[in-house]
Amino acid sequence: ISIDIKNKRDIIQSLDLFVEGDMLTGENKFKCEVCDKPVDTLKRCCIKTLPPLLVIHLKRFEFNYEKMVIEKLNSACAFPMELNMEPYTKEGIARNDPDAQKSTDFDPTMVRPPSYYSYDLVGIVVHLGSIDSGHYYSFIKERTPLQGTDCKWFEFNDVSVLPFDPKRIPQECFGGSEEVVRFSEIERCPKTYLREKPNNAYILIYERKHPPNERISLYTQSNAKQLYSESGSDTAKSCLLYTSPSPRDRQ
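In terms of the working numbering, the sequence shown has 215 at position 206, counting the first letter as 1, and numbering is strictly consecutive.
Just so you know, the hints here were simulated from the structure itself, not pulled from any lab data.
Hints may contain errors.
[Unchecked claim] Below, computed lysine-lysine pairings styled on PhoX-like, alpha-carbon distance capped at 20 Å:
1) K40 with K57
2) K150 with K218
3) K15 with K99
4) K81 with K68
5) K57 with K206
6) K161 with K218
7) K150 with K176
8) K81 with K52
9) K38 with K52
10) K176 with K206
11) K206 with K81
12) K161 with K176
13) K206 with K15
14) K99 with K200
15) K68 with K206
16) K76 with K15
17) K52 with K40
18) K57 with K15
Full structure from sequences and hints, please.
This is the structure:
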């Protein structure tokens, strides 16, 4: 999903705006199928089904209609290491908004476990530069620890792969301003200036939480076995090795 970040403190405010909706009034009233009359209507977006991997695009590029140019937004926008997406789903909105329960699309029997809505941050794509030129690099969390028991973070920058401390994510990815020291030709001495950070998060990747001994995959163990038996491909083998047992497989 793509979310607006301009004048937003964090992506929680952005996601709240994503599902806020617009009132259709006046000439824009919606014609009710029941009473066959134009009525004031709230039109909004929400999430019907959440994926195992959630990709969030931060809108850091916008068109400035006063200057008639495209600009990059370097303003600060924080994001959490853990994200609860339940408030932005169809059933989550209905639980908090009694009017939404009147919709014919609302299913009161829709009950999912809390883990369905819980996500961990596992990847960040950073844009460094301006609208005219720039460079992309990533911070990625291990899915399976190569050493020890804890999954570590790494920076992937072209051919360079280096360990990365996730405590530095706010400094390296949130954007905003920073102090820099430059030599002043007028005063003939170093001076401290405030400038916008050119590096900030552009794409966030969240993965649904799951038991430590299981891995989320686009394949269930059943269809991975079928794919392997039919093709014997390396892809099918890897799916078979790293998929979680489906409920049917556990029986």
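Results of checking the hints against the structure:
no. : hint           : result
1   : K40 with K57   : violated, 24 Å
2   : K150 with K218 : holds, 14 Å
3   : K15 with K99   : violated, 25 Å
4   : K81 with K68   : holds, 9 Å
5   : K57 with K206  : violated, 36 Å
6   : K161 with K218 : holds, 16 Å
7   : K150 with K176 : holds, 13 Å
8   : K81 with K52   : violated, 29 Å
9   : K38 with K52   : holds, 10 Å
10  : K176 with K206 : holds, 18 Å
11  : K206 with K81  : holds, 11 Å
12  : K161 with K176 : holds, 12 Å
13  : K206 with K15  : holds, 15 Å
14  : K99 with K200  : violated, 53 Å
15  : K68 with K206  : holds, 16 Å
16  : K76 with K15   : holds, 17 Å
17  : K52 with K40   : holds, 13 Å
18  : K57 with K15   : violated, 26 Å
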